[in-house]
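Residues in the sequence shown are numbered consecutively from 1, following UniProt numbering.
What the hints contain is simulated information worked out from the structure, not anything from laboratory work.
In this text, all values refer to a predicted model and were calculated from it rather than measured experimentally.
Don't be surprised by glycine CBs; every beta carbon is placed ideally from N, CA and C.
Be a bit skeptical, because a hint or two may be false.
As the list claims (entries may be wrong) - The calculated label-pair distances, taken between Cβ atoms and stated as ranges, are:
| id | residue 1 | residue 2 | range |
| --- | --- | --- | --- |
| 1 | D191 | E119 | 35 to 43 angstroms |
| 2 | N193 | V6 | 32 to 40 angstroms |
| 3 | I209 | K104 | 33 to 41 angstroms |
| 4 | E259 | D82 | 28 to 36 angstroms |
| 5 | V327 | V6 | 44 to 52 angstroms |
| 6 | S79 | R170 | 12 to 20 angstroms |
| 7 | R187 | I209 | 41 to 49 angstroms |
| 8 | S236 | V70 | 19 to 27 angstroms |
| 9 | D280 | K332 | 20 to 28 angstroms |
To be verified - Straight-line C-alpha distance at most 27 angstroms; calculated DSS-like pairs for lysine-lysine:
| id | residue 1 | residue 2 |
| --- | --- | --- |
| 10 | K294 | K104 |
| 11 | K332 | K120 |
| 12 | K66 | K43 |
| 13 | K143 | K180 |
| 14 | K21 | K332 |
| 15 | K283 | K309 |
| 16 | K21 | K143 |
| 17 | K60 | K10 |
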Amino acid sequence: MRKKLVDVLKNAKNVLMLCHKNADPDAVCSALALGTYISRFLKKNVHYVAVDGVSALSKKVLESLKVGVVFNDHIYDVSPYDAIILVDTGSLDQVKPLDEQILKEGKTLLVVDHHHENEKLAKIAKLYLVDTAAPSTAEIVYKILRRSKVLRDSVICQALLIGLIYDSRRFAIASYDTIKIALDLMRRGADYNKVLTLLKSEASYSEKIARLKACQRAKLYSLRNEWIIAFSHVGSYEASAARSLIDLGADLALVLNQEDDVSRVSIRANDRFNNLLEGDAIKDLILHLSRSLKGEGGGHALAAGFIGKFSLEELENATISWLRKRVSQEVKLIT
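Please put together the full structure from these sequences, using the hints given.
Following this line, the structure appears as structure tokens:
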């Protein structure tokens, strides 16, 4: 994988590491590790951007690593860059308003991600390194870099361990490879206990309010009087709000955030829900929503995001319609 990366970037001078909105620690740490290799060993000029900024936890992570890397929260022109690497980002919709520019400029595009494969991206990317079986993008970056000298740097190993532990939900979603990689990163100098301490962060006041409002506004449906589907809407922290609904007992949660005319949905599910549908349920739901609501999204087995122009009611109708077809049973509103 590393040889392919080197070949694709051979003629590039300026490289943009581009992450999705409110970039989480997996996105930020994966971009940092890969960008450091490209800068230090391929001698490229590397810049980092997370659309609308990184998350509060990611800011804390960057401060702890003390690498001096800044993720700019916006960029208006991609023309100075010879290559753009989408990190932990499953679709161009996640980097709006840069998506049209990227397509128009015809830049060398690379994708490093672990979410569901995106046919549009796969067609236009010069290098498409996507492993949907990996619980984190950090695991994929480790596999790219494992024989490079950059992993002699304990700070880079620490960054990759942070990303891996964060997105694997502290190894709740982990393969044999995940554990083996974590052990190797620790052998190289990463500190497991420091990572756990770092990732234990209390939600901000605003995030707590968003979670509570999501619960207050939740509309609930029942399947077989056993599974619970929750819909809600907030003005921010939709991912956190969706996770909270799952923690409170929902089996599938969809939380909408509408900004101007763009709707962003965070989708979360638990293992019970995935097992009920006996397959890649979230991927199937995203495909259905893409057809029904003309949006775009991506994710993995228990978490996904979807972006488009639609209302909460339209989202509910499309999701319930999909669920009824999948289980061939009535889905009832809980009143």
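Margin query: Let me make sure I understand: some of the numbered hints might not hold for this structure. Which ones are they, in numerical order?
Written below: 6, 11, 14 and 17
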